[in-house]
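Participant: Whenever a hint applies, use it, and build me the whole structure from the sequences.
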Amino acid sequence: MKKISAFLATILFFLAVAVVPVGIQKVEAFPVDDISDDGMRTNKANKAGTQIYVYFSVSGEIATNYDLTSAKIGLCPVDNPTLAVAVCTWDVGKDEITESGNGDDKRVQIDKHSVKLEKDIPEGTYSILLFDAKDKKVDQCNGNTYRFTGMPIINFQYTMMNDDGYVYAYVYESEVPDGIVMNESVCPTLYSKDKQTPITEFDAVTLHQNTEYENSAGAKAWVYRMKMLDKTAFELDSRYKAVTAAYSKINNSFIQDSTDEAGVKATYVRDLNVYAPEGKLIVSPFDQKDDSSNETPSDNNTTTDDSQSGSTTETPSTSGNTSTSTPAASTAASQTTAAPAEPEIAVTPLTDSTIPEVQASIDILKKLVEEISSSPADVVSTLKAYAAGIDFSSVTAGGTLDISVTNGADISSGKPITFTDDKIAANVTSTDQIVVLHVRNDGTIECVPATAGDGCITATFNSLSPVAWFKVSNAEKVTAVSPKTGESFWSFIMH
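Take the sequence shown: its letters are residues 1 to 495, numbered as in the UniProt record's numbering.
There could be a bad hint or two in this list.
Said to hold, decoys possible - Taking CB as the label site, the calculated pair distances span:
id : residue 1 : residue 2 : range
1  : P77       : G455      : 35 to 45 Å
2  : E184      : K134      : 46 to 56 Å
3  : T351      : K415      : 16 to 26 Å
To be verified - List of simulated lysine-lysine pairs, BS3-like, C-alpha gap at most 30 Å:
id : residue 1 : residue 2
4  : K227      : K134
5  : K94       : K134
6  : K119      : K47
7  : K384      : K415
8  : K195      : K227
9  : K367      : K423
10 : K44       : K220
11 : K134      : K106
12 : K47       : K134
13 : K106      : K415
14 : K119      : K134
15 : K106      : K119
16 : K415      : K366
17 : K106      : K44
18 : K119      : K136
19 : K193      : K116
20 : K94       : K366
21 : K44       : K195
22 : K367      : K384
No lab work stands behind these hints, which were simulated from the structure alone.
Only a predicted model underlies this, so the values are computations on that prediction, with no experimental measurement involved.
Think of the CB as a built atom: it goes at the ideal place given N, C-alpha and C, for glycine as much as any other residue.
Facilitator: Put into structure tokens, the structure is as follows:
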């Protein structure tokens, strides 16, 4: 009898193991109360290939308690009483772990950008957690909470531009679930605060191919243009510069990205005029008539021909403050493409940001400049973490500033820009070696190619402000460090 019982127990054990998802790894158990749920739950499909963005910023005080020479990211179920296992784990490479600051201001950043599910996982709610090299959970360091479902999910992002009467919804082609045909029936609809009254309607859809970035050429996004039915519903929140009273729902409740039973979620609609350099007019993919990469689905009657859809062509004003709209097919002149305007640069003092990640990077730049005289060795050490291809022994001057385009010129493809202010004019000559750091739209800091002139600096950007410059000495060799691009579609102007 004991042998039979032992045999049955063995069979049950193997059956239990068989239903555990492949790739499961044991990690140190910790109390479920350690998870902070701030309501930021995002729906994701539970299928292989689903992408998740991951970013952690760990304070120096916490980092000293862990071995962060390497790390793991764990996707853990929140309904596990001890969270003793991670359903999926991803190793973090050394180049994805960076340090900044010193002493009490030291921080360790873990930036995996995006990871993919290699296999289907059970439906449920999961948290993104960080584990150190010894599989020990890093306290007070939790990422977003995701709800994974078996239904197809499309996470649209929404933007407005140029007060042209439209709202644009877009999603990267790589994020569209398999088997979904992007056509009119998949168009989202925005609703007023009552969740009942539509404030947009479908107008057109196109597949836009990114050609602005050398490092991400070929990236594509599905873009939906939707007419505003009620402009008063798009009043911007004074702090976030975004519509916060709008709700979205997929037509006929098909492919919901929802937070309630009705398939409706609150959404932000960003006004790109707020985030773009001052005076810059953004051109939508529907206005790029000569772009052969724009495509429309073949299984519906949508069109991207502006002469039929009734849209207008935006003509940038040379003043940078106004624009004029003329019917797209009214005159031959409206079909002529003007030569790209040369950037006219405005340099202003560095201003704070409402986005925490961007503000944190701005604070780093400010502190580096402040410490040039008091803690020069710390400044050199920190700068070398960003300017890895430049050898130098000291930093003798530096400053921070905001740079903006005043005439609507497009610099998104990476254009050399010459700028100056009183401090640069007093400290920089053509024989100096210069390091220029630029805060990217996602809050990360990049070292951009730069050369010194007499009283000026020339650097190559594909998005603007905020910036810090440093004059370094005893440089023996210089390796150009290219800007980190890779964003698709409009993301280069979304701060």
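Participant: Which numbered hints does this structure break?
Facilitator: Going through the list in order, the structure violates hints 1, 4, 13, 15, 17 and 19 and respects the others.
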